[in-house]
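Novice: Counted from 1, the sequence shown has number 1375 at position 3 by my numbering; the numbering is strictly sequential.
Derived from the structure by calculation, the hints contain no laboratory data. Just so it is clear, CB atoms sit at the ideal spot from N, CA and C, and this is done for glycine as well. Don't take every hint at face value.
To be verified - Straight line, CA to CA, 35 Å or less: simulated DSBU-like cross-link-like pairs of lysine-lysine: (1) Lys1420 <-> Lys1442; (2) Lys1430 <-> Lys1420; (3) Lys1420 <-> Lys1404; (4) Lys1430 <-> Lys1457; (5) Lys1404 <-> Lys1430; (6) Lys1442 <-> Lys1430; (7) Lys1404 <-> Lys1457; (8) Lys1457 <-> Lys1420; (9) Lys1442 <-> Lys1457; (10) Lys1404 <-> Lys1442.
Claimed, not checked - Label pairs and their computed distance ranges (CB to CB): (11) His1426 <-> Arg1384: 33 to 39 Å; (12) Arg1384 <-> Leu1455: 36 to 42 Å; (13) Arg1405 <-> Pro1429: 32 to 38 Å.
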Amino acid sequence: MSELNLIGTGLRTVAMLAIVLGLLVLVLYLMKRFLFINRGAKGDLLIKILSSLHLSPKERIEVIEISGEKIVLGITPGNITFLTKLNDLPGEMGEAGGNSED
1373 MSELNLIGTG LRTVAMLAIV LGLLVLVLYL MKRFLFINRG AKGDLLIKIL
1423 SSLHLSPKER IEVIEISGEK IVLGITPGNI TFLTKLNDLP GEMGEAGGNS
1473 ED
């Protein structure tokens, strides 16, 4: 008789655990869906990482694009530093040094 009670208690425990885990997954999905809205109208991210160069295990230089502007950042564990703003990426056809010849 005690084995039957033990099995029933075990099944109830597993069922409650499944319900709690299901609710956790549902809440996390809803948080991701509605609270973390970092996307533009087309589903594109507002901030894009275009390039990254690791200088050491904890230091890197990144080229990012924010609203169409290309920015170079120096990133360390304790600091993010603005380095420069790019007009054109190397290899692109267009203005060179701000001079245009038509």
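Novice: Check whether the Cα positions of lysine 1404 and lysine 1430 lie no farther apart than 35 Å.
Specialist: Satisfied, since the Cα-Cα distance of roughly 29 Å is no more than 35 Å.
Novice: Would you check the hint for lysine 1420 and lysine 1404, treating anything up to 35 Å between C-alpha atoms as holding?
Specialist: holds (19 Å)
Novice: Hey, lysine 1430 versus lysine 1420, does the alpha-carbon distance stay inside 35 Å?
Specialist: It holds: about 21 Å lies between the C-alpha atoms, which stays within 35 Å.
Novice: Take the C-beta atom of arginine 1384 and the C-beta atom of leucine 1455, compute their distance, and say whether it sits inside 36 to 42 Å.
Specialist: violated (60 Å)
Novice: Would you mind confirming whether the straight-line C-alpha gap from lysine 1442 to lysine 1457 stays at or under 35 Å?
Specialist: holds (6 Å)
Novice: What's the verdict on lysine 1420 and lysine 1442, does the C-alpha distance respect the 35 Å limit or exceed it?
Specialist: holds (9 Å)
Novice: Lysine 1457 and lysine 1420 were given as a pair; does the straight-line alpha-carbon distance stay at or below 35 Å?
Specialist: holds (15 Å)
Novice: Would you mind confirming whether the straight-line C-alpha gap from lysine 1404 to lysine 1457 stays at or under 35 Å?
Specialist: holds (32 Å)
Novice: Between lysine 1404 and lysine 1442, is the straight-line Cα distance small enough, at 35 Å or below?
Specialist: holds (27 Å)
Novice: Using the C-beta atoms of histidine 1426 and arginine 1384, is the stated range 33 to 39 Å upheld?
Specialist: violated (52 Å)
Novice: Can the restraint linking lysine 1430 and lysine 1457 be considered satisfied, given a maximum Cα separation of 35 Å?
Specialist: With Cα atoms ~23 Å apart, lysine 1430 and lysine 1457 stay inside 35 Å; holds.
Novice: Given the proposed pairing of lysine 1442 with lysine 1430, does the C-alpha separation stay at or below 35 Å?
Specialist: Answer holds: lysine 1442 to lysine 1430 is near 23 Å, not above 35 Å.
Figure legend: structure checked against the earlier numbered hints; hints not met, in rising order: 11, 12.
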